[in-house]
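Visitor: Spelled out from the first residue to the last, the chains are:
There are 4 protein chains.
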Amino acid sequence: MKYRTDMAEELHGSNKKACEKSGGIESSLYSEDGVRISRIRVVSKEGEEAIGKPQGTYVTLSVGEDWPSDGTQVLSLSRMIAKNLRPLLPPEGEILVAGLGNRFITPDSLGPAVADKIIVTRHLMGEPFFSGFRSVCAINAGVLGCTGVETAEIIKGVCSRVKPAAVIAIDSLASLSTDRLCRSFQISDTGIVPGAGAYNARRALDRQTLGVPVIALGVPTVVDAETIVSDALKTAGADGRPRISSGLLVTPKDIDALIQKSAKALSYGINMAIHGDMSVSDIEQFLG
Amino acid sequence: MKYRTDMAEELHGSNKKACEKSGGIESSLYSEDGVRISRIRVVSKEGEEAIGKPQGTYVTLSVGEDWPSDGTQVLSLSRMIAKNLRPLLPPEGEILVAGLGNRFITPDSLGPAVADKIIVTRHLMGEPFFSGFRSVCAINAGVLGCTGVETAEIIKGVCSRVKPAAVIAIDSLASLSTDRLCRSFQISDTGIVPGAGAYNARRALDRQTLGVPVIALGVPTVVDAETIVSDALKTAGADGRPRISSGLLVTPKDIDALIQKSAKALSYGINMAIHGDMSVSDIEQFLG
Amino acid sequence: MKYRTDMAEELHGSNKKACEKSGGIESSLYSEDGVRISRIRVVSKEGEEAIGKPQGTYVTLSVGEDWPSDGTQVLSLSRMIAKNLRPLLPPEGEILVAGLGNRFITPDSLGPAVADKIIVTRHLMGEPFFSGFRSVCAINAGVLGCTGVETAEIIKGVCSRVKPAAVIAIDSLASLSTDRLCRSFQISDTGIVPGAGAYNARRALDRQTLGVPVIALGVPTVVDAETIVSDALKTAGADGRPRISSGLLVTPKDIDALIQKSAKALSYGINMAIHGDMSVSDIEQFLG
Amino acid sequence: MKYRTDMAEELHGSNKKACEKSGGIESSLYSEDGVRISRIRVVSKEGEEAIGKPQGTYVTLSVGEDWPSDGTQVLSLSRMIAKNLRPLLPPEGEILVAGLGNRFITPDSLGPAVADKIIVTRHLMGEPFFSGFRSVCAINAGVLGCTGVETAEIIKGVCSRVKPAAVIAIDSLASLSTDRLCRSFQISDTGIVPGAGAYNARRALDRQTLGVPVIALGVPTVVDAETIVSDALKTAGADGRPRISSGLLVTPKDIDALIQKSAKALSYGINMAIHGDMSVSDIEQFLG
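Residue numbers (our numbering), protein chains in the order written: chain A, 1254 to 1541; chain B, 1254 to 1541; chain C, 1254 to 1541; chain D, 1254 to 1541.
It does not matter which identical chain is used: a pair holds within one copy or between any two.
Pairs of lysine-lysine residues, derived as BS3-like cross-links and limited to a Cα-Cα distance of at most 30 Å, are as follows:
#1 Lys1506 to Lys1409
#2 Lys1514 to Lys1306
#3 Lys1506 to Lys1487
Hints in this document: simulated from the structure, not taken from any laboratory.
Based on the provided sequences and hints, a complete structural model is requested.
Guide: See the structure below:
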């Protein structure tokens, strides 16, 4: 019985033996400035099968329970996100940032919240003031239930006009552990399947479908109620799959505020990865 | 081991023997127009102790799983809320409607959402057009964490100026069952303890503290993760209290939309109970 | 000296002689159910130059001052919008509804508010329940300042994937008269230049650029302060262009509520034009 | 013919002779760190009549056109607000911050936006961590049209429970000049009449009605269309009062963003005046 997660670090943890045996997974775990950093590389077909994620690199930055209450830690985390994101971007060319998810459903609103905070410059590239900036554009791709169109189709369409060198896609993720909610930041170069964690998988956003590298950034905002219940049963030594309605999510009470906080850290990190190191005050100034 | 609920019907169900033995609880359960109606009267000190709720009447209207997708059912439910609320109101005098809870925390936003949709008339009572209306005012009392003041203090202060004949207080509730989320409507004449369900009990809003009848209306919007897990353990025959961080809530994915829907039903019902039967179109017109 | 307006009826009114002389403009004006209906057809190159609008049909429905306070009038207006919109749609094929404008700038938020209320069905066309519906999808195209991409480019990209039979584009308009704010509804088959009224014209959305018919729906939400001042000077017999900073807009105090109201009328109208006559309750039910 | 303004500096400017003659007005104007500071003291009954404002001190801080785009200037302005506000507060005792205005009407939303950003501590005064803080509470008083109760009544009621040493009331103001919109910050120790600028004067919030000092903070967010038109007529040498519907406001296009920006400056300033100098990062941390 497998439960829903989008986190490579969790999949690695719960399939450790298979991953080792496959010989196709490299992993490391260390700490830097109070942030726990997990790096997992899936390097072969066998590794893919063992971990259940496509080949590529997955970096996860995790912070402790009290991080959201400390302003300076947001900036230090943003810098670490920038540092880990920058090497995955092509050295030059347009970047398209795509926010995935539904602005009006709290645990699904991370993508739009981040895309709203990207310093877009594509239409300003001629202006001398912006000569030090990289060309960036950003869209909120909407969700199938509101647009009637697969997210991947919308982004493909926009790519056909904008012709970016890379796409950065931001999405809310599912996790196995409530300890990770709004506190883990996963960066990968493997693209993303929108809504994958939510069991309503749509066509993938990756190099194969979009023709350019797709860097996926995500933060877990939900744990399935089923996961929690199953864990409790396992711990109690009880058998059987939990009987609980599907579609129920476990969230902390202050999820609205936590999502704003992690969207801030993520958007600062992306802006710094693309445009170079900046102060928070400078970033906020550009966003008006 | 008791889990958190604000629903009299649930407390009655889980303490059935004690309730019967106390001789202080009267209850009935029936259906009307597809709505399940539970009526519980706590009539003695012994009844209070058995059920864990103060003396008075608790009416709970519950609808089925698919109700939110049917527009006409909202109106029919609103009429039933009005019918059950009306007898609890004093025959004349000012009504103060108080929305409890935090507008910016989704599962706590029911009170403000309802208070925003009340047709207030207190300042218009001299105008001939409003001669058929009852005098009503409405406030959003805020929450302690945002105001620094107990909700009960704010409402007491406003009552000292407005001198209402009764207060209607609206709050989000906790339930033991995810089946009830945004689908049960509890009406009681016993007042309310803001945040009681959330284990951060503040001073009560009731006839004793406010000096006038306090009618409480509530809809469950959260189930504690602890409750869910404990249920699963019990079902599996496992022992022990669940080990899970407190402060975690279980909600359906579409909680944002469901709260809007139940706020609509509740506000329509309150408006009709106070001002007399009206069409939805008339209500919406007054709300601008 | 010409002031900013997107309304064909106003351009016709202020260029009456030239329009008549051109022989390229047909116009009529009548009333129906309390709604004033203006129809203007621009039929030749000479007509285009005289009125300053491309060839095609412009229907403007205008309601009186008190309309927003009357619920039934919203429905009757929506029916009239549907009746005038339906003949402009191709008999079959996918419809793409595109909301133009910025959700976070009140007078520019009409397009997103309408697009949010479209019953999208493209992804549900296989389901028996939706057999009576037409295939529709909807996007919020964003604005250049937030995306870095011309609105026309985004819509072209989406059209290249969705291949609609027609596009319906919704935008906030500029008017010469504060009497029209949120009370005139312009429907035309000529496409639209996003932000044209705002002097920041972008590439056009029309049959030529998108390859399919583009029906434009708009409601005036702003009057330039320059227009108001110039009118006053003219009336007073004073000469000279007004000296007033550009970028200042005149709006009624309750613009937030009025935009919601006109977005409702417009979205109901579009849904009924596409999917057939429906009750408001049915429409609201589908929008969840 | 007088037009609507809440700004003492403007009333002084347009009644200069009468003010001088009255002998009851002291005024000074100077610059500090790029901020223009006007100080006006109304010291006698004659002064009151000449300027049309009650006796007391009015300090107005005004910044230049480009201020909103510069992050550090927000902080420097906040510090200056704090410096001018601090001497008006009583040396000890509870402070009640009251946001006036309607959260859902953009140009009236300044008060709620500021009250949302106050670090409230009244309920935390026992905790050692907060030993360095002053006791503060905050409410959003709502508006008559939504509550049915005069704002002054609500605040009086809350004061009767909270018993503050002083009230700080924040409101949107009207100005005669579009150059001041979201760029002037008026601080006075004379209290406020909610909605005064809007011609719907309600009972005053001042020392006489509340029994404690009332410090009023305000930022102009609207200019009446009538004012603009009248100015243009005067400049053109034309006679007569402008014929224009009342209730029309002139605002910059980006009013939504500008109000957020000025609410930030104002709330930072209030927090620093009350709790002592703090970094923006510390303030944001406390607001979660």
